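Protein chains in written order, with my numbering: chain E, 1 to 488; chain B, 1 to 147; chain W, 1 to 103; chain A, 1 to 165; chain X, 1 to 340.
Source of the hints: derived by calculation from the structure; they are not laboratory data. Since we're looking at a predicted model, the values are computed, not measured. Virtual Cβ for every residue (Gly too), placed ideally from N, Cα, C. Some hints here could point you the wrong way.
[What the hints assert, rightly or not] Rough simulated footprint, nothing fancy, chain A against chain E, three-plus residues with beta-carbon under 8 Å: (1) 262–274; (2) 311–319; (3) 327–338.
[Said to hold, decoys possible] Selected chain B positions facing chain X (Cβ under 8 Å, derived; list incomplete): (4) Gln15; (5) Val17; (6) Val62; (7) Val67; (8) Asp75; (9) Ala85; (10) Lys92; (11) Val101; (12) Phe102; (13) Val103; (14) Leu105; (15) Val108; (16) Trp114; (17) Gly117.
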Amino acid sequence: MPANFAPSAADYLRILPEIIMTVAGVLIMLLEGWLGENKKRNLSVQTFVAFAAALVSAVAANGNPGLSFSNMLIVDGFATFFRVLVIAVGILSLFSATQYLKREHAESSEYYALLLFSVTGQCIMATANELIMIFIGLEISSIATYVLAGYLRDDKRNNEAALKYFLLGSFATAFLLYGIAWIYGTTGSTNLSTIRIALLTPGSETNVILAGTAAALMFVGFAFKVSAAPFQIWAPDVYQGAPAPVTLFMSAGPKAAAFAVFLRVFMTAFGPITSRWEPFVWSSALLTMIIGNFAALMQTNIKRLLAYSSIANAGYVMVAIAADSQIGVAAAMFYLAAYAFMNIGAFAVVTHFSRQGEKFVNVEDLAGLGWKQPVTAALFSIFLLSLIGVPLTGGFFGKFYIFKAALDANLVWLTVLGLLNSAVAAYYYLRILVVMYMKEPGEATLSLQPVGVGIAATLWISAVGTLVLGIFPSVVLNFATASSALVK
Amino acid sequence: MPTSYSDTYFPVLVQIVIAVIVAAALVAISFLLGKHVKNRVKDSPYESGIAPTGSARERFSVKFYLVAIVFILFDIEAVFLYPWAVVYRELKLFGFGEMLVFVILILVGFFYVWKKGALDWSHEAPGDSPYGDPDAAPQSSVTKNAA
Amino acid sequence: MPNAVPLSWYLILSAILFGLGVAGFIFRRNIITVFMSIELMLNAVNLTFVTFSYQFKQVDGHIYSFFVMVVAAAEAAVGLAIILTVFKNRSTLMIDDVNSMKY
Amino acid sequence: MTALIFLIFACIAVFCGISLVVQTHPIASALSLIGVMGSLAILYLQLGGEFIAMAQIIVYAGAIMVLFVFVIMLLNAGAETPTFQASTFVKYLGIVLLVAFLGLISFIIQAALPKTEGVVFGGFQGTAADVGRKLFTSYLLPFEVTSVLILIALVGAIVLARKEI
Amino acid sequence: MVKLITKEGLIPSHVNKLFYLMAPFVAVALGLISIAVIPFGPEITIGPVTTWMQLTDLRIGILFVIAVSSVGVYGVALGGWASNNKYSLLGGLRSSAQMISYELPLALAVAAPLLLANTLSFRDMVNYQSGYWLGFIPRWNLIPEIIAFIVFMIAGFAETNRVPFDLPEAENELVAGFHTEYSSMNFAAFFMAEYSNMVTVTAVATLLFLGGWQPPFPAPYSDVVPILVFALAGLIAVYHGLHPARRMDKFTLPATGLVFLGIAAIFGLSLFVPVLKTILMALFWFCGKILILLFVFIWVRATLPRFRYDQLMRFAWIFLFPLAMLNLLATSLIVALTTK
């Protein structure tokens, strides 16, 4: 009996954030049963306390990095970066959800509990060092998100979004699993570092072919989760159908965690066989950018437009992965942080603006918002400018570092096409700005109530986040480069 | 007693084959032996006189589905218990701690299901159309506090 | 009859089953049958895990396939809940009728 | 002897898999899926996975498929109209494509796999005790995390399927 | 049975044939399979061959039985669905829902003795239960696991749809539940499956809790018991034969009396032949326990009233399942503390 398996105190410290969030989720679920109707409001406060505690413990866990739980988990700079990012996304989506739930009369604690569990799943994905742990973390966060996507049961679009997300989600997970099975077959273990060593040893040629096919299969699973090119058909429908705060959460949280896993698996485990997976990552990055940007041009529905823009952003991060270098990983991490803030801000405005039953979701409805609520419009324009990549915003430095990394890895064609794409993207973002400021206020904007507390908090935090990343990017960038060294 | 692996499983295969043959024979015999009289009266479904109302496909009641869901998830817990029970003496107290965490988390789910009233079939008169149990009794689960 | 079955036969069988699952997922229109073909694919993955655990003579493959079973069960539970809500609102199970959100 | 059993149950599995895809009535495809699971369980026995074979029958055939049969019976999903009325040409093309794809895969597997000795019925015996020992020592974390997964599935299913909020 | 077999095998037209015939087939086939794993007696050597009085002992015998019982639900569910009759569909659904919710406490009740014996094979389980505490109390699992035994028996009743749990068959609207559409042989098939399930449940109960073929008290006394039992039975039969209540009894009863006396004699004889002795003793005690449990089954059928459906379901989920779970945790705590 290996006596040394018993997890020591250090192990527990390393998974403290997950423990805190699970316990909080459980408490909230139980409390909801016994609490009366009126005390529902402070459930969201409790969720915030849980998230804050998890954030603190995540940073503390970075104190003594290392492997734990018979090297299932690894806590290093990379893992802490994504943990903090995912919990921040959880907090922001919590703020924007409180008003929305009250407005849709769906006020109940399950939403908060599922949000907590989904963020726990994402933290597990970020810190996993074993393919099976990645799979289970992925499943936890996606099952919680499937339910959240279909939360308002009577709303037809919610059902459809949840159904599509579920079917394609489990289809992609089956591919991911098949890839994991093949990797286990060729290398004999699912631990990322052992796989790397196994692939480094000059094994027989057959190993490399099989490992290549396994990498392709796993790429299918990850590409779906990240809504990359060949598998992004689900994203627009699901983003449009799901409730607005859930779309906000879905576009930032699970996507960032999926990229974290994508980076960790492809950089550490499949490091030695880059020549195998390089081509299809490269082509998928290009395809994603093109589809995302060109399809967004014709969109009238604001949520669908932002969905295509999030696909295009996924394309940019794929370019960073295609660069397959330490700077590439750092650039991807930085861009994901900047993307999270701008995307959440944009979706928060949509949540606020769409009112009861999400009636006003067309771009034209935003007409004249600039005059009616100048502050919200100003913040919205910061997010849009950052999405375009105007200097002094997070978006600019994100794209800058990505294309620099791509150039260093002499992917010239990819950079040129990437720049072209972001130019095209500028058009549909500016179109929204024009509608907001130039047009006369339509009946939608006139009937707009003032911004709720939660939405205002989300807007301000994400605006500050975008600007900070824009003005002094070095703080985050140095941390990202330091931690990416561990992964590559 | 044959100890090698395949020899222990061979009798099981034989037993299954015998069972299948006996069952098939049972079902077939009645089909062959019985007299075959086809007439309209016998063909109508057995309904103590009144012709069956409505199509046989009655709309569903969610209760059955909920029971099946709760059954699957607790069945998994039961199957997790078996390897644990077999290896328990080696794990000693630490094994107990592991399983305690596992079971407590799942019991939380059980209490949640119990609180939400998914388990009690308070108003299930067989006759009425069970679709969506439009039961008169206000079955709002929130007010019903824990027993 | 050769007493030993080469390992690759098992892998070919699981590849065939996986292919059937993918075909079922693409061609079928009834949502429940589509969901069943996904379960078929997961079963094929289980077979691959157990085959490789035979090759390496370790028990890890069994544990992985056991976790895959648990996840498949949880997914089936939530999936059928979603299918139920879709049926309640639209009372149809055909995939093509479930796309109200036009382009 | 092993090869004989393997061939029988492999054919059953493939036949049931095809019938799953081809059958019109969902109950028929549910039963063929149960057929696949049963034959897979026996193949696991061959590969030494005793505990996994029994778990497969209890969890998959005994619980998940019961839920499927329940939902099919409850939703009284009638027989489907035949799948899209693709012209026979497309159907045959589809079948040919599928066979070619599978042939290609099996060739890759056949060629790529290092030549290992065949599977003998008693070659490797992963007993429930070994599974348990490894499961509760080195795979402790996935075990504990699965309980969170089950909890979420419970909450999610209840939230979606319950009548009122 | 014979009369039932010859009655006309009517298959109403509106029923989808395949499932209609498959349901009884599945029910009966599953009922018979689990007998393969049940050990009747200890290791015995007949001449050169040392063999176990058992068809086969799987290392995972107990799991095999649970797997077979969990698949048993399909017989009932398909039966209800295939007969296309609204009430039989509802009856089929409800009895399979009942079988499902009782399968869970059954599985947990089985897990409790596993904790003590740490093995999944029936043979080791029975060997674990051999020996005696303080000389005369048999080390059966029954004593430490009394709660698990009770839960197992209740779940056993429900699993085989015996009274007081056979509501789906008995309710007046449902008119014998999913059996409505079946006639003659298929009807008999379902009942045969039910009886074979009952035998399996009682056999597993004896193996897990009552120590299989171990005699309840130490050797010297336990050999005498079978002889006494059969001799007594023989005398009673002969006594009744002398003044018969019915005309025919004059001949039948004395005949049975002689048969019983004969068996008593064989047992007496077997005391001297060691091989024969172990076989007969094991068989006697094993079948004796099963008969006692079957007697309990039938006795309960006569006395207890039938549960209403929702009481029945609520009882399973809100009482049996937590009880089985708590019992399991308690046993594991005790075992953890006691093991050195």
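Now for the hints, and whether the structure bears them out:
{"no.": "1", "hint": "262–274", "in the structure": "violated (count 0)"}
{"no.": "2", "hint": "311–319", "in the structure": "violated (count 0)"}
{"no.": "3", "hint": "327–338", "in the structure": "violated (count 0)"}
{"no.": "4", "hint": "Gln15", "in the structure": "holds (3 Å)"}
{"no.": "5", "hint": "Val17", "in the structure": "violated (10 Å)"}
{"no.": "6", "hint": "Val62", "in the structure": "violated (12 Å)"}
{"no.": "7", "hint": "Val67", "in the structure": "holds (5 Å)"}
{"no.": "8", "hint": "Asp75", "in the structure": "holds (7 Å)"}
{"no.": "9", "hint": "Ala85", "in the structure": "holds (4 Å)"}
{"no.": "10", "hint": "Lys92", "in the structure": "holds (6 Å)"}
{"no.": "11", "hint": "Val101", "in the structure": "violated (12 Å)"}
{"no.": "12", "hint": "Phe102", "in the structure": "violated (11 Å)"}
{"no.": "13", "hint": "Val103", "in the structure": "holds (7 Å)"}
{"no.": "14", "hint": "Leu105", "in the structure": "violated (13 Å)"}
{"no.": "15", "hint": "Val108", "in the structure": "violated (13 Å)"}
{"no.": "16", "hint": "Trp114", "in the structure": "holds (7 Å)"}
{"no.": "17", "hint": "Gly117", "in the structure": "violated (11 Å)"}
The earlier numbered hints that this structure contradicts are 1, 2, 3, 5, 6, 11, 12, 14, 15 and 17.
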